[in-house]
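Asker: Chains as they are written, first to last, in my numbering: chain G, 1 to 268; chain V, 269 to 524; chain W, 525 to 615.
If you're looking for bench data, these hints aren't it; they were derived computationally from the structure.
Treat the hints loosely; a few may be bogus.
[Claimed, not checked] Just the calculated beta-carbon pair ranges, DEER-fashion:
hint: 1; chain 1: G; residue 1: 145; chain 2: W; residue 2: 570; range: 25 to 31 Å
hint: 2; chain 1: V; residue 1: 298; chain 2: W; residue 2: 555; range: 53 to 59 Å
hint: 3; chain 1: G; residue 1: 78; chain 2: W; residue 2: 550; range: 21 to 27 Å
hint: 4; chain 1: W; residue 1: 572; chain 2: G; residue 2: 113; range: 20 to 26 Å
hint: 5; chain 1: G; residue 1: 215; chain 2: V; residue 2: 501; range: 44 to 50 Å
hint: 6; chain 1: V; residue 1: 501; chain 2: G; residue 2: 113; range: 55 to 61 Å
hint: 7; chain 1: W; residue 1: 550; chain 2: V; residue 2: 412; range: 39 to 45 Å
hint: 8; chain 1: V; residue 1: 501; chain 2: G; residue 2: 146; range: 52 to 58 Å
hint: 9; chain 1: W; residue 1: 550; chain 2: G; residue 2: 44; range: 42 to 48 Å
hint: 10; chain 1: G; residue 1: 215; chain 2: V; residue 2: 343; range: 50 to 56 Å
hint: 11; chain 1: G; residue 1: 181; chain 2: V; residue 2: 289; range: 38 to 44 Å
hint: 12; chain 1: V; residue 1: 340; chain 2: G; residue 2: 181; range: 31 to 37 Å
hint: 13; chain 1: V; residue 1: 342; chain 2: G; residue 2: 236; range: 57 to 63 Å
hint: 14; chain 1: W; residue 1: 552; chain 2: G; residue 2: 153; range: 54 to 60 Å
[What the hints assert, rightly or not] Computed, partial: chain W to chain G, Cβ under 10 Å:
hint: 15; residue: 533
hint: 16; residue: 567
hint: 17; residue: 568
hint: 18; residue: 582
Idealized CB from N, CA, C, for every residue including glycine.
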Amino acid sequence: MIVAGVDIGSLSGETVLMRDGEILSYSIVRTGADSAKTAEKATDEALDNASISFGDIEYTVATGYGRVIVPFADKNITEISCHARGANYLFPTVRTILDMGGQDCKAIKCNDVGKVTNFAMNDKCAAGTGRFCDVMAEVLDEPLEDIGRISLEAERDAMVSSACAVFAKSEVVSLLRKGTPKSEILSGVHEAIATRVFALLQRVGIEADFVITGGIAKNIGVVRKVAEKVGMNPLISDEPQIVGAIGAALFAEELCKKAKHKDRSKSQ
Amino acid sequence: MIVAGIDVGSLSTKVVLLEDDRILAANILTTGEEGVVMARKATDEALRKANISFDQLEYIVTTGYGRKSISFAKESKSEMMCHAKGAYWLFPSARTVIDIGAESSKIIRLNKNGVVEDFVGNDKCAAGTGIFLDTMAKALEVSIEEVGELSLKHKEKAMISSMCAVFAESEVVSHVHRGTPRNDILAGIHDSIAERIFGMSNRVGIMDDVVMTGGVAKNIGMIKALEEKLGTILHVPEHPRVVGALGAALVARDSK
Amino acid sequence: MIVNYGYTDGSGDYYIVIDTDKCDGCGKCVDACPQNVLELAEDDYGDIVVRVRDEVKSKVGYVCLGFNPGCSKNEVNCRSVCEHDVISHTW
Numbered sequence: 001m002i003v004a005g006v007d008i009g010s011l012s013g014e015t016v017l018m019r020d021g022e023i024l025s026y027s028i029v030r031t032g033a034d035s036a037k038t039a040e041k042a043t044d045e046a047l048d049n050a051s052i053s054f055g056d057i058e059y060t061v062a063t064g065y066g067r068v069i070v071p072f073a074d075k076n077i078t079e080i081s082c083h084a085r086g087a088n089y090l091f092p093t094v095r096t097i098l099d100m101g102g103q104d105c106k107a108i109k110c111n112d113v114g115k116v117t118n119f120a121m122n123d124k125c126a127a128g129t130g131r132f133c134d135v136m137a138e139v140l141d142e143p144l145e146d147i148g149r150i151s152l153e154a155e156r157d158a159m160v161s162s163a164c165a166v167f168a169k170s171e172v173v174s175l176l177r178k179g180t181p182k183s184e185i186l187s188g189v190h191e192a193i194a195t196r197v198f199a200l201l202q203r204v205g206i207e208a209d210f211v212i213t214g215g216i217a218k219n220i221g222v223v224r225k226v227a228e229k230v231g232m233n234p235l236i237s238d239e240p241q242i243v244g245a246i247g248a249a250l251f252a253e254e255l256c257k258k259a260k261h262k263d264r265s266k267s268q
Numbered sequence: 269m270i271v272a273g274i275d276v277g278s279l280s281t282k283v284v285l286l287e288d289d290r291i292l293a294a295n296i297l298t299t300g301e302e303g304v305v306m307a308r309k310a311t312d313e314a315l316r317k318a319n320i321s322f323d324q325l326e327y328i329v330t331t332g333y334g335r336k337s338i339s340f341a342k343e344s345k346s347e348m349m350c351h352a353k354g355a356y357w358l359f360p361s362a363r364t365v366i367d368i369g370a371e372s373s374k375i376i377r378l379n380k381n382g383v384v385e386d387f388v389g390n391d392k393c394a395a396g397t398g399i400f401l402d403t404m405a406k407a408l409e410v411s412i413e414e415v416g417e418l419s420l421k422h423k424e425k426a427m428i429s430s431m432c433a434v435f436a437e438s439e440v441v442s443h444v445h446r447g448t449p450r451n452d453i454l455a456g457i458h459d460s461i462a463e464r465i466f467g468m469s470n471r472v473g474i475m476d477d478v479v480m481t482g483g484v485a486k487n488i489g490m491i492k493a494l495e496e497k498l499g500t501i502l503h504v505p506e507h508p509r510v511v512g513a514l515g516a517a518l519v520a521r522d523s524k
Numbered sequence: 525m526i527v528n529y530g531y532t533d534g535s536g537d538y539y540i541v542i543d544t545d546k547c548d549g550c551g552k553c554v555d556a557c558p559q560n561v562l563e564l565a566e567d568d569y570g571d572i573v574v575r576v577r578d579e580v581k582s583k584v585g586y587v588c589l590g591f592n593p594g595c596s597k598n599e600v601n602c603r604s605v606c607e608h609d610v611i612s613h614t615w
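I would like the entire structure built from these sequences, with the hints used as guidance.
Answerer: Below you can see the structure in the form of structure tokens.
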């Protein structure tokens, strides 16, 4: 049985193809203006990679920001549920998931089979998302991919408030004016963001093991600050982007089996 | 008896000199890093306007964000209380005061004697404050003095759904890229702030008459958007920025 | 599953917390809410449970009166009608 999981995010779309619980292939494409086309493109690429045709897919689950507009999906499932399921597949011991992207931040707690038991999400306030880092990197005129490394050189944290990105930005400007080293400012920035993330994690409760996914996982400064607060070293996935699509494929497999079972009992 | 009220805001410092029931002078300066220095400078300028000396001031009360740092003042009082007092003195029929300053916004409900009954405020988040408007004006390359008038010329209001200033700024930028007319975007921005203030008002309730104070009260687009959202008329003082300082001066006068 | 609908911003925590494992999908809370915050829907695991409507999620703190002034004066609200203690608020 071959199934597909399609995750359409605001920046990228991913498709994972799965046969009997094993990943056959996957693809990652940039999201275009039309999410139906993005879904098609991602799925075509994944089909090419696995050398199979669209007709071989028995069931498709769509998830993510654009999940409602994937025309060939049999069912839509929220990205929260798919993310937990995908993380459980990659790391069966994981109970707490922090997924942090450029626009939002999710804290998810799940059980031993990857079912969500508690979750909270922030996509309303930039101060608790990767966007906070973007804004500060721009003010400090440093490339986003370097700020994690630079912050590690700091001997102390500069005080940067965690409540609001706009207010924090003016604090950073005045710290720069006073001649505070960039490393200390960035360390303070990462401390501020970690404070917000930790509060979100505490809302759902923290339990070992703990994994960080999403773009922020690449910022060692934030990862280290979060790890300090949580008191646990996080696991980091190699392909953080496809976690949701893997979960969607796993849901597809389960739903496909259920549908077949129903058909069988009907015909008997 | 001559007294002074000083409102040390995050962006500007306001001073009002009062003799009994008469305002002698008012003055506004940018706060800067050294709050106390600017507060003294702002006071001295006001004294010069009124042609009196510092020694003639019998009592000084401060309010605002930096009120505790002013060593030459006798007392400091909350912004809530001072705004209520100032607005009530100007408009005895006021039962609600909406104050939108540079970095804070608040709604204060008064009883018929001008005593604060309930309030709700936000000073930790840029949403629904002057700096939100400032950020959007910069993104649109419009001066802050113009945004009000321009927004009134809109044809169809643009939708700005984020309350967060950072996310709203991206929405504004993508509106610009899509070719949404500038005035429509400005109207959308005012609506977004009005939505936030309306949300705050749900917690304390709005009672007529409503007075609006703070720097943002000078923005006609904001006044219209709020009036529409709240379904009532806003009374705006001639000098909305100095109402807190006026309130502080009234406290000074009454405490003697 | 415990779902936290809402957000934290500079002024505080505004979450409507729903414990869907306790919810039997009776819908009494949906009718009781004066602000039309809630609805019934199927969750990802196939159960019909209460949830916060999409349009409200980004402004929970404003739309839901959170048994602050308005709602506490009502004789019924989402919490008072629920027999299983499904819904709570963080503010």
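Asker: When the structure is checked against the list of hints, which entries are broken? Sort them ascending.
Answerer: 1, 7, 11
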